[in-house]
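**Student:** Make the full structure from the sequences, and use the hints.
Under this note's numbering, think of the first position of the sequence shown as 47, with each following residue one higher.
Please keep in mind that the hints were generated in silico from the structure rather than gathered at the bench. If you're wondering where the values come from, they're calculated on a predicted model, not measured in any experiment. Cβ coordinates follow ideal geometry from the N, Cα and C atoms, glycine included. No false leads were slipped in.
Per label pair, the in silico range of CB-to-CB distance:
no.	residue 1	residue 2	range
1	Gly290	Pro409	17 to 23 angstroms
2	Arg454	Leu198	24 to 30 angstroms
3	Asp187	His479	40 to 46 angstroms
4	Ser340	Ser277	22 to 28 angstroms
5	Pro111	Ser82	18 to 24 angstroms
6	Thr515	Glu349	51 to 57 angstroms
7	Cys440	Gly398	41 to 47 angstroms
8	Arg194	Gly513	29 to 35 angstroms
9	Glu537	Leu110	53 to 59 angstroms
10	Pro409	Val135	57 to 63 angstroms
11	Val135	Arg60	21 to 27 angstroms
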Amino acid sequence: RLAGELAFRAQQARVELMLQAATDAVISFDECGALSYWNPAAERLFGRSAAQAMGRPVQGVLPLPKLLAATDGIAALCDAGDDLFSGAVIEFDALDAGGRRLPVELSLTAYRNDRGWAATAFMRDARAHKRQEEALRLARDKAEEATRAKSLFLATMSHELRTPLSGIIGMLQLGLREPMPPASRSRVSLALGNAEALLAIINDILDFSKIEAGKMGFESVDFDLREMVQSLVELLDLRAQEEGLSLLADIDANVPQWLRGDPMRLRQILLNLIGNALKFTEVGTVEVRVACGSTETGRLLLEIEVEDTGIGISFEAQQRLFSSFEQADVTTTRKYGGTGLGLTITRALVQGMAGEITPRSAPGLGSTFRVAVPVAIGSPVNSVPEVPVPPFDCRLNVLCAEDGHTNRVIVQAFVQGLGHDISFVENGLQAVHRCAEENFDLILMDGRMPVMDGLVAARAIRAGGIGETWVLDPEIHMIALTANATGNDRELCLAAGMDDFLSKPVDERLLAQAL
Numbered sequence: 047r048l049a050g051e052l053a054f055r056a057q058q059a060r061v062e063l064m065l066q067a068a069t070d071a072v073i074s075f076d077e078c079g080a081l082s083y084w085n086p087a088a089e090r091l092f093g094r095s096a097a098q099a100m101g102r103p104v105q106g107v108l109p110l111p112k113l114l115a116a117t118d119g120i121a122a123l124c125d126a127g128d129d130l131f132s133g134a135v136i137e138f139d140a141l142d143a144g145g146r147r148l149p150v151e152l153s154l155t156a157y158r159n160d161r162g163w164a165a166t167a168f169m170r171d172a173r174a175h176k177r178q179e180e181a182l183r184l185a186r187d188k189a190e191e192a193t194r195a196k197s198l199f200l201a202t203m204s205h206e207l208r209t210p211l212s213g214i215i216g217m218l219q220l221g222l223r224e225p226m227p228p229a230s231r232s233r234v235s236l237a238l239g240n241a242e243a244l245l246a247i248i249n250d251i252l253d254f255s256k257i258e259a260g261k262m263g264f265e266s267v268d269f270d271l272r273e274m275v276q277s278l279v280e281l282l283d284l285r286a287q288e289e290g291l292s293l294l295a296d297i298d299a300n301v302p303q304w305l306r307g308d309p310m311r312l313r314q315i316l317l318n319l320i321g322n323a324l325k326f327t328e329v330g331t332v333e334v335r336v337a338c339g340s341t342e343t344g345r346l347l348l349e350i351e352v353e354d355t356g357i358g359i360s361f362e363a364q365q366r367l368f369s370s371f372e373q374a375d376v377t378t379t380r381k382y383g384g385t386g387l388g389l390t391i392t393r394a395l396v397q398g399m400a401g402e403i404t405p406r407s408a409p410g411l412g413s414t415f416r417v418a419v420p421v422a423i424g425s426p427v428n429s430v431p432e433v434p435v436p437p438f439d440c441r442l443n444v445l446c447a448e449d450g451h452t453n454r455v456i457v458q459a460f461v462q463g464l465g466h467d468i469s470f471v472e473n474g475l476q477a478v479h480r481c482a483e484e485n486f487d488l489i490l491m492d493g494r495m496p497v498m499d500g501l502v503a504a505r506a507i508r509a510g511g512i513g514e515t516w517v518l519d520p521e522i523h524m525i526a527l528t529a530n531a532t533g534n535d536r537e538l539c540l541a542a543g544m545d546d547f548l549s550k551p552v553d554e555r556l557l558a559q560a561l
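**Tutor:** Pasting the structure below:
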C-alpha cells in the first residue's frame, strides 16, 4: 500500500511539473465556480498571480454562463451521467486582470469527483491570431478594392485608347477608297497596317489584364465549326500570300459541322496560333488540321493542330513559352515584334474551356501547337430556311447615337456607301426623343455618351420611352457600337435590349453584314 501511495505521489509530482512548465495557461475550478488551480502560464496570460487567483470566482476570468453555453460540456456531463467530458478547441473571450476582453483558444475538460464535478480549462493567447486574421481581412479588402479599381481602369483605358485609334483606322480606310498616286496609297496602307498592329497590341494587353483580374468570360452556344475555320483561313490567306507562304486547312470528315461551345474564344485561339505561325515562318507552309476525339468521360474532344515550317523553338525556350511577355529570346522580339502575350492568352483561353495546349518543336524544324478542347454536339442555329432577300433591296433609315465627330464621319461614309440613309444624335436621351418623332429601321448605339449612355437609352426604348416621351417602335433593331472591350460588354448590351454588338474600330464588312 505504501509503495502504491509513493508511486501515486510521484505521478502527481510529474504532472505538476509538466503543468508548471506548460506554455498554455491551465486553470481548474469546482462546481461552485471557485478557482482551484492556476499555473505560471496563466499568471503571464491574465496578469494575476496564483495567490491572487486561487479561491476566487472563475467568473472574473471566464464568464461562466457564456462558457457553459459555448461548450455544453458540463451540462452534458450532468445530463448523461458520464464521468468525463473533453471538449473541442473553441475561440472564447476571457477577461484579463483589468476586466478587458482577452481572446483565447480554449479547450474545456469536465470530470466528476467526490464533491460533484470540476473542470479544467486549457487556454492559449489568440491575440496574435486575431491580429493576423484582421490583417488578412484588411489585405483581402484592399486586394478586392484594387481589383475593382483595376477593372474600372481597364474599362476606361479600353474606351480611351480604342476610341481615337478606331478613328485613325477608320479614316485611313476611308482614305484608301479615294483615288491617289501609288506612292501615297502605299504610305496610307503602311500607316493602316501599323495602326492595326497597335490595336492588336492593345487588345492583347487588355485580354491579359482581364485574365489576371479573373474577368475573362466564356459562353456556350451553337456554331458552325467549318464556317468559322474556313472564314478565318480565308481572312489570313491574303497575309500568307503577301509573305510568300501557303496557308492550308484540313478538317476531318468526321468532325461535326455544328458544335456547342465558345466560337469567339476558339476563333481567338486559332487567330493567335495561325498569326504566330505566319509571323515566325519565312518560307514554306502553315497548315491547320481539325479532328475529333473523345475524353475519358465520353465527351467530344475538338482537336486542333497548327503546324508551320518556321524557325522552331528550342527545348529551353519551350519551358517559358507560355510565360507573360516572353518570346524565345531577345533577338526574336527585335526581329518579329509583338508583346509576347499571345501564347499566354491562348493558354488561358484553352484552360478556361477545360482544355489543353501542347507545343512540339525544334530549332530549324518548325513548330506544331496542339489544342484539345471538350465541346458538345450542336444544332443549326437557323434550322428553318430563310427566304432570300437582296441585301440592299431598299434603303434603310438608320439613326446613329454617337458623340465623337471622327466616328460619325466614318460611320456616315460606311452606311451611305452601302446605300442607306443615316441621321445622328449626340447622346442617348436625344436618341429616345428622335425615336418618338421619326420611324427608323435601325439604331447604331454608342456605349459611352454624355447625358445618357447607350445602355440606359436602349432600356428606355425597349420600355416604350421616358416620362411623357413615347417612342414609335419599342421593338426597333438596335446594334451596340462601342469602344469598350473589357468584361462582359456584349452581354451587358444584349441584356439592355440591344440585338447585336460591334466593337470599334468599325469594320465595314461586319457593319454591312449587320445591316
